[in-house]
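Undergrad: Residues per chain are reported as follows:
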Amino acid sequence: MSVAVHPAAPQRPSRRESAIAAALMALLALIAAAVLREQKRPHPAVENFLHARGLAAAARAPEPAALLPPPEGTRTLTAPERFDRDSLSDKIDGKAELYLSAGFVRLDCQRLALEGDEDAWIEVFLYEMGSFENALSVFSAQRRPDAAALDVAEFAYAAENAFFFVHGTRYVELIASGAGEPFTRAMQAIARALTAERPAGRPAWTERELFPAAGLIPESLGRVAADAFGLAGLDRVYRATYRTETGEAMLFFTRRESAAEAQALARAYLEMLRTFGAAIAPAEGLEGASRIEVLDTFEVVFTRGPFFAGAREAADPRLALDLARRLDERLAEAGHAPR
Amino acid sequence: MRPADPLNRREFLRRAAGAGLGIALAGGLSGLAFDPEGPAGLPREEAKTGLPDFSLPGTAGRLAIARGAERRETLGLALRALGGIESFVRPGDRVLIKVNAAFASPPILSATTHPDLVFELVRLCFAAGAAAVVVTDNPINDPASCFALSGIGPAARRAGAALVLPSEGLFTPVSLAGGSLIRNWPVLTGPLAGVTRLIGVAPVKDHHRSGASMTLKNWYGLLGGRRNLFHQDVHRLIAELAVLVRPTLVVLDGTTAMMTNGPTGGSLSDLRETRTLIAGTDPVAVDACGAELLGKRPEDLPFLGAAERAGAGTVDFRRLAPAEVSA
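Protein sequences appear in the order of chains A and B. Take the first sequence: its letter number 219 is residue 219 in our numbering, and every next letter is one higher. Just remember that our numbering sits 339 ahead of the position in the second sequence, which is counted from 1.
It should be emphasised that the hints constitute simulated quantities derived from the structure, not laboratory data. Even for Gly, the Cβ is constructed at its ideal location relative to N, Cα and C. Keep in mind that a hint or two might mislead.
[To be verified] Under 10 Å between C-beta atoms, here's a sample of chain B residues computed to sit facing chain A:
| hint | residue |
| --- | --- |
| 1 | R429 |
| 2 | L509 |
| 3 | S549 |
| 4 | V573 |
| 5 | H574 |
[What the hints assert, rightly or not] Have a look at the derived ranges for each label pair, beta carbon to beta carbon:
| hint | chain 1 | residue 1 | chain 2 | residue 2 | range |
| --- | --- | --- | --- | --- | --- |
| 6 | A | E271 | B | A355 | 52 to 62 Å |
| 7 | B | D655 | A | E287 | 49 to 59 Å |
| 8 | A | E207 | B | P641 | 14 to 24 Å |
| 9 | B | S506 | A | D84 | 48 to 58 Å |
| 10 | B | P391 | A | Q263 | 57 to 67 Å |
| 11 | A | A29 | B | L352 | 40 to 50 Å |
| 12 | A | E261 | B | Q571 | 23 to 33 Å |
| 13 | B | E425 | A | A179 | 33 to 43 Å |
| 14 | A | A268 | B | L371 | 40 to 50 Å |
| 15 | A | G180 | B | D392 | 42 to 52 Å |
[Said to hold, decoys possible] Here are some, though not all, of the chain B residues that point toward chain A, as calculated from beta-carbon distances under 8 Å:
| hint | residue |
| --- | --- |
| 16 | H546 |
| 17 | L607 |
| 18 | S608 |
Please take these sequences and the hints and turn them into a complete structure.
TA: Written as structure tokens, this is what we have:
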């Protein structure tokens, strides 16, 4: 190869050369992005092979110590188990997604037997959710209707064979192998031991103060972690049901990063309902709000500052409007005036 | 075209050194990231294509719906309506019963096949002259705990069946011809060795991912490996399982259905007494019928339509003129 060598200083590349170079660099960046994207979603067989090599096994969470000393009347039946985000489905199979989408950190569980009866046992599930709000999400998503009240925590209920409650950042399930007084007594003892071992106090949950008080059904307070009302991207939604003389309906709100984001979410929500055949019109009596009629129910939705909010599932359009206005007033009082 | 820029010696050496350094750096980084072995996979064993077909000629499209609260009774009624257990199990047959023992949970939660049903089915198989009956599943939780705490293990043994718990040596890689997910995937084939009849027995359950877990989803328990990855495309997977596994008979227990919070449930309030047991030779039809117990239509469960399109059965179970019997 021969190289022409001249004493003159090198010239700057032409515009055309710069454009070609920039295009090549952009192409390389696109290829790199595509490679990275594909690497994030390999065929399941590849991950399975990696697992077979023990790589995934090495990352499994370590076994925990005993969850709690067995309360009086119970004894340890099985060793404690721990599951992390990768292994949660090894314990609860298809329900794992519900927890994972709500910020799940780990699950510790263990069975305790009732003294004197091999076949009578209770399994303790401690879901560490990372925050009270996340724990509330999975609690409210699974809440059984017509459940009995339970005084072990603010958000708690009992079924015939089980206790469910939120304690600090944990969602707790106590599930018995049978129903009846001995099981209930033992579950109460376990719940007391768990809450005493790690006092959580009343959760600092400011969002609840934004719901109007009159007519609110306390046990209906809940949070939807993701894909609320069937809309992808509608997450971190707080909801509560109201009972009034004219019927029941739900109030909801979600706080976004900005007013613009809240408005974009509202538009997406309306667009989704439109595809289901909803009739949408301006809501008279609440500036900027939309009145929706869909599947024989009425909704009124609006944005206020960073909030996207509204009333749903009302059989009467006046009820939807009345509740939406009350929620709007609360949001305004709380200092979120600009619409 | 513009003439080439003049280049002096210093500039040439500078550019050459820069290019050399760049190449060396890229090569070095690639060398660090290079895995000379690559994923080991499941070596030494060629993937089988498909599984044996256990369906019996002349029994296609049989369907029975038995109503009642007592499982042993409704099972007997349903089987009689299908022509008797003798239509499916002949003297000398070796029968494999695939239960749903997915969870180490008690029978009252209805998250697993009820032990009464396991006992009765095993008993009936032996009464029909079966030479051997084997009960198996690859549960989600620890297998020994699942079979013990669900009551399935003791019930199967009490009735004389052999219990096969999954172990590494019982899985072989299997591919489904034309399948996009079941490709070179570990399947619990060990218990199928020497088997002449395959019966699936599953409860009716809500399922957070697939909408419902019934007889078709029950075949998920034959898969090994990190099968939870399939939950991202669970309807396609169930449809592929419907093609892969051709049973002699399936029994769907809707005596108590798990209506909410499936597949694990946890509360008795998740359950409803639906007092129905469905048996048949077309698992797609059986599940389509079972979907009604959950208040769902076949179109609410995309795996049913996908299984039908794949030729695994019919969603229109009424077309099979099901025999309806009551206790």
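Undergrad: It remains to establish, for every hint, whether it holds in the given structure.
TA: Hint check:
no.: 1; hint: R429; in the structure: violated, 36 Å
no.: 2; hint: L509; in the structure: violated, 15 Å
no.: 3; hint: S549; in the structure: holds, 7 Å
no.: 4; hint: V573; in the structure: holds, 7 Å
no.: 5; hint: H574; in the structure: violated, 12 Å
no.: 6; hint: A/E271 x B/A355: 52 to 62 Å; in the structure: holds, 58 Å
no.: 7; hint: B/D655 x A/E287: 49 to 59 Å; in the structure: holds, 52 Å
no.: 8; hint: A/E207 x B/P641: 14 to 24 Å; in the structure: violated, 36 Å
no.: 9; hint: B/S506 x A/D84: 48 to 58 Å; in the structure: violated, 25 Å
no.: 10; hint: B/P391 x A/Q263: 57 to 67 Å; in the structure: holds, 60 Å
no.: 11; hint: A/A29 x B/L352: 40 to 50 Å; in the structure: violated, 30 Å
no.: 12; hint: A/E261 x B/Q571: 23 to 33 Å; in the structure: holds, 28 Å
no.: 13; hint: B/E425 x A/A179: 33 to 43 Å; in the structure: holds, 40 Å
no.: 14; hint: A/A268 x B/L371: 40 to 50 Å; in the structure: holds, 44 Å
no.: 15; hint: A/G180 x B/D392: 42 to 52 Å; in the structure: holds, 47 Å
no.: 16; hint: H546; in the structure: holds, 5 Å
no.: 17; hint: L607; in the structure: holds, 4 Å
no.: 18; hint: S608; in the structure: holds, 4 Å
When the structure is compared with the earlier hints, violations turn up for hints 1, 2, 5, 8, 9, 11 and for no others.
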